[in-house]
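Chemist: From first to last, the protein sequence lines are chains A and B. Just so you know, numbering that gives the first Met the number 0 puts 5 at position 6 of the first sequence, and the rest follows in order with no gaps. Just so you know, numbering that gives the first Met the number 0 puts 215 at position 216 of the second sequence, and the rest follows in order with no gaps.
Treat the hints with caution; some may be incorrect.
[Unchecked claim] With a straight-line Cα cutoff of 25 Å, these simulated SDA-like cross-link-like pairs (lysine to any residue) come out:
id, chain 1, residue 1, chain 2, residue 2
1, A, LYS127, B, GLU376
2, B, LYS615, A, THR63
3, A, LYS127, B, LEU653
4, B, LYS615, A, GLN90
5, B, LYS21, B, GLU86
6, A, LYS127, B, LYS21
7, B, LYS654, A, PRO125
8, B, LYS508, A, GLY59
9, B, LYS615, A, GLY32
10, B, LYS508, A, ILE8
11, B, LYS615, A, PRO125
12, B, LYS654, A, GLU128
13, B, LYS615, A, LYS121
14, B, LYS615, A, VAL4
15, B, LYS508, A, ARG150
16, B, LYS662, A, GLU128
17, B, LYS654, A, VAL4
18, B, LYS654, A, GLN90
19, B, LYS660, A, PRO129
20, A, LYS127, B, CYS659
21, B, LYS654, A, GLY59
22, B, LYS654, A, THR63
23, A, LYS121, B, GLU610
24, B, LYS366, A, TYR58
25, A, LYS127, B, LYS366
26, A, LYS127, B, GLU86
27, B, LYS366, A, PRO118
[Claimed, not checked] Computed Cβ-Cβ distance ranges for the label pairs, DEER-style:
id, chain 1, residue 1, chain 2, residue 2, range
28, B, HIS168, A, SER48, 22 to 30 Å
29, A, SER48, B, GLU578, 31 to 39 Å
30, B, GLU644, A, ALA49, 35 to 43 Å
[To be verified] Not close to chain B: a few residues of chain A, all C-beta gaps over 10 Å, as computed:
id, residue
31, ARG29
32, CYS33
33, THR47
34, GLN82
35, LYS86
36, ASN107
37, ILE116
38, LYS121
39, GLY124
40, LEU126
For the record, the hints were derived by calculation from the structure and aren't laboratory data. Yeah, the Cβ is synthetic: ideal placement off N, Cα and C, and Gly gets one too.
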Amino acid sequence: MLKYVNTGIVFQEIPDEVTLAINISNCPCRCPGCHSHYLWDDIGLPLTSAALDDFVDQYGDDITCIAFMGGDGDPKGVSQLAQYMHKEHPQFKVAWYSGKTVISRAVNKADFDYIKIGPYIKHLGPLKEPTTNQRMYRKTADGDFEDITSRFWRK
Amino acid sequence: MEIKNFTITKRDGTKDQFSLDKIMNAIAKAFESVDEPADLGVISKILAHLDIHNDITVEDIQNQVEEALMREGFFKVAKSFILYRQEHTEDRETLQKMQFLSEYMESVNAATGSKYDANANVEHKNIATLIGELPKSNFIRLNRRLLTDRIKKMYGKQLADEYIDKLTHHFIYKNDETSLANYCASITMYPWLIGGTVAIGGNSTAPTNLKSFAGGFVNMVFMVSSMLSGACATPEFLMYMNYFIGKEWGLDYWKRADEQADLSLKKRSIDKVITDYFEQIVYTLNQPTGARNYQAVFWNIAYYDKYYFQSIFGDFYFPDGSKPDWDGLSWLQKRFMKWFNHERTKTLLTFPVETMALLTDEDGNCKDKEWGDFTAEMYSEGHSFFTYMSANADSLSSCCRLRNEITDNGFSYTLGAGGVSTGSKSVLTINLNRCIQYAVNHKMPYLQYLAEVIDLCHKVQLAYNENLKELQEHGMLPLFDAGYINIGRQYLTIGINGLVEAAEFMGLKITPNDDYLHFVQGILGLIEKYNKQYRTKDVMFNCEMIPAENVGVKHAKWDREDGYFVPRDCYNSYFYVVEDDSLTILDKFRLHGAPYIEHLTGGSALHMNLEEHLSKEQYLKLLQVAAKEGCNYFTFNIPNTVCNECGHIDKRYLKECPECKSKNIDYMTRIIGYLKRVSNFSQARQEEAARRFYATA
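If we strip away everything but chain A, and leave its shape as in the complex, we get (with noise of 0.2 Å):
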C-alpha cells in the first residue's frame, strides 16, 4: 500500500500551479545521491482515497494541484489515486513525480495533468539545469502530453 510520510506546499516543482506535494514513501529508485533519503523505508501513514479528501478538505481552494512525489513501488495505485482525485475533485490538477524512465504499462496517463519522469542522476542534475535527464511533461488541451522542461530553466 502507498504511504506518505509529509506534505508540503510548494511553487517551483510545477509550474504556474500552487501545489500539494505528497511525499510518498518506500521508493524503490533509491538514486545515488538522493536529497530525501527519508523516502526510502516502508515508513508513514496510507494514502488512500480518504487521506486525499482530508486534503481537500483542509487546503480548499487555496491550492491548486495535487502532486505525489514518488510511489514507484505502486504505479497503478497511484495512477487509480489519480484517477479518483479527478473524479472526485475534478478542480485540481494532478501531477506525478516518477523517478522511473519510461511510464508504467499500469499507469493511465489520462489520469495526470503532469509527469515527471526520470531518476536524479547527479552530474546531470536536476530539473532546473539544461544538461538534466529528467522531464517534465503537461497535457494539452487534445490529450498529448508536451514536453515543458525547458520551463525550469528559464530566467
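Here the structure of chain A is known, so what remains is to put chain B in place on it, guided by the hints.
Modeler: Below, chain B without anything else, positioned relative to chain A:
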C-alpha cells in the same frame, strides 16, 4: 564611626578598598575652596555622621557627606561640595561621550554603532551620522522629563513614577524617544498645490508646471520629513504628477508617449522626459539628508486600482476645476513601477516604499482585473512592494503598514483628499513577553495585569498628546496648521512586541490553531477595548505590531538578562516564528488572516519570505488566498543579490554572482519594512536575518 576593612562600590561597578583618607581629603578640599578653616576636630565631627557599610557606593558616601556638612551648619562648604560633584558628573558624561565616539568609529556600521535607535536607513557612518548620535541620550532625558512633568500634572506623581518604573524595567518601550517630532504621517499635498511651501516656512510658490512640480516636490518632502521622526507618505504623488504632465502635453499624452517632446539635440520623447523626472525625484529622495542625521527621508507612495481611485479621488478637484484623469494615472502608475523595478537592477534604491491598493470581491478575486493581473505580473518580474487588499474601499494603508478607516472621502478646498491623510503621533510599545511572564510568575491572571499596563499606556499617550497640543498652540507644528496633516486623523499608537514569545511561554503551538487564536484575540481585543474607551472626539488610538527594528533585539536581550524565558534573540513582528520551516506559505497567510489581525487596527505587514520568484499565475493564486484569508497587508520578499566585487545586482537569491562568479556577495532584503542591504542592519539584526527561513517554494 568604627573603622573596619570595608569595600566600596565604584561608579563602574568594581569594588575597591575603603579609604578614610580619601574622604577626609575631599572634605578638607571643600573647606579650602571657600576659605573656611578646617581642623581635624571639625572633620572628625562630620565623619561621625557617616554610616558606612560594606559595598557602599561612592554616590551614597558623597550624599552622606553633603548632609553631614549641612547638619553641622557648614552651608557654604556644602554648596561648594555639591557644585564640585556636579562638575565631576558633567566631566564624566563628557568622558562617556568621548568613549562612545571612539567605539562608534570602531564599529562595523552605523546601525551597530548606534547606542539608541539603531537604524539601517543609514548607509555609511561618518561625521554627519556621529553628530546625529551624540545628542540622543540628552533627547531621551528631555523627552522623559517633558512627559513625566505632564503626567504629574494630569494624573499625579504616582503614575509618573509608575511610567518610569515600567519603562526602565522594560515592560514598556517608548518609541522614537531620541526625537522631539511626532512620529509619521501620510500627508495631503493639497496645501502645497495651492500655496507652495510658504506656510511651512519655505519660500517656494505653488507648482505651475511639470518642472516646478518635480523640483518643488522634492523640497517639500524634505521639509515635511524634517518635522517628523518617522515616515512621510505622499499617496497623491503620481496623481498630481499626472495632472502636470497632462498640462504639458494634453490628457492623452500616454497614447503619444513616443512623440518627441523637446527641441534639444537629445530629442527626448514624452516618455523619456517623464522617466527623467522619475529619476530626478527618486534619486534625490534616496540621498542622505542633513536634517535627519544623514538618514534618507522615509518616503512612501501608493498605487490604486480603478475602484480605490474612484473612492478616494472621485470628488477631488484641481485648482483649475478639473478632475483627476484615471486613464492617464493608470498608465503613469504602471510606467513608474516598471521604471523603478528596472532601476533597482542598477542601484540599490530603498525609497519610495510602495503600496498597491486593490479591491476584492467575495471570492477573493480582484475587482479590477487589469490591476490584479498587473500586480501579479510585477511580483513575477521580481519587483518588491506591498499590497493592501480590502473588500471595501473604506480603509487604506498608505503609510508603511499604518492602516486607517476612510470615514471621510470628501474633498475639501483646504485639505484636499480626505481619505489619504493618516498617521501616528506617537508609539508606546508593550513588551508582551515580559508582562505576561511577570503576571504568571506572580500568580496573577495575565489579562488583568495587562489591563493595568494598557491603561497606563493610554494615560501616558494622552499626556504626550497634551504636550503636542502645546507645541501646536505655540506655532511649532506648521504641518498641522497648514493642513498637510489633519490632527483629527492622527492616531496615538499602542505598539506590541514579543507576542509569539509570550504564547510560547504559555505552552501554545505557533500554528493556525484555536488556542493560539484565542490567546491572540484575548490580548489584542483587550487593547482594542481600551482604545475605544479612551477615544474622544479629539483623540483616536490604534494598535500596531511594531516592526521593532532595534527594540526587538533589545527586549530579547533585557528579558534574558532578567531571567525570563526567551526562545530567540529577537522578537519579530509576525504571528509566526521566522525560523520555523514546518509552516507552509498558506499557514502564514492564515496566521496573518482576518481572525488574527482583526484587532490590529493600526495594521501589521506579512513579509512572505521566499527563496525564489514565482510565476504570475502563482502570484495571482496567492493574492486570492490572501484575500480569502483576510490577510490585508503583505509583501513577497525574495532577497536580491548584490555582488561586492563587480557591483552586479540580481533579482534572484543566489550564492554566487552570475556575472563575475564571486562569492563575495551581499543581499537586499526586507528584514523589516524597507528594502536595504543586509550589511546595513545592526549586527544583532543581521544574525537574526541569517536564521530566517526562506521557503524553498
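Chemist: Now tell me, hint by hint, if it's right for this structure.
Modeler: Structure-based check of all given hints:
no.	hint	verdict
1	A:LYS127 - B:GLU376	holds, 22 Å
2	B:LYS615 - A:THR63	holds, 14 Å
3	A:LYS127 - B:LEU653	holds, 14 Å
4	B:LYS615 - A:GLN90	holds, 20 Å
5	B:LYS21 - B:GLU86	holds, 18 Å
6	A:LYS127 - B:LYS21	violated, 77 Å
7	B:LYS654 - A:PRO125	holds, 17 Å
8	B:LYS508 - A:GLY59	holds, 23 Å
9	B:LYS615 - A:GLY32	violated, 33 Å
10	B:LYS508 - A:ILE8	holds, 20 Å
11	B:LYS615 - A:PRO125	holds, 23 Å
12	B:LYS654 - A:GLU128	holds, 16 Å
13	B:LYS615 - A:LYS121	violated, 31 Å
14	B:LYS615 - A:VAL4	violated, 30 Å
15	B:LYS508 - A:ARG150	violated, 39 Å
16	B:LYS662 - A:GLU128	holds, 20 Å
17	B:LYS654 - A:VAL4	violated, 30 Å
18	B:LYS654 - A:GLN90	violated, 38 Å
19	B:LYS660 - A:PRO129	holds, 19 Å
20	A:LYS127 - B:CYS659	holds, 21 Å
21	B:LYS654 - A:GLY59	violated, 36 Å
22	B:LYS654 - A:THR63	violated, 31 Å
23	A:LYS121 - B:GLU610	holds, 22 Å
24	B:LYS366 - A:TYR58	holds, 24 Å
25	A:LYS127 - B:LYS366	violated, 36 Å
26	A:LYS127 - B:GLU86	violated, 70 Å
27	B:LYS366 - A:PRO118	violated, 45 Å
28	B:HIS168 - A:SER48: 22 to 30 Å	violated, 58 Å
29	A:SER48 - B:GLU578: 31 to 39 Å	holds, 36 Å
30	B:GLU644 - A:ALA49: 35 to 43 Å	violated, 56 Å
31	ARG29	holds, 23 Å
32	CYS33	holds, 17 Å
33	THR47	holds, 22 Å
34	GLN82	holds, 25 Å
35	LYS86	holds, 23 Å
36	ASN107	holds, 27 Å
37	ILE116	holds, 22 Å
38	LYS121	holds, 18 Å
39	GLY124	holds, 15 Å
40	LEU126	holds, 13 Å
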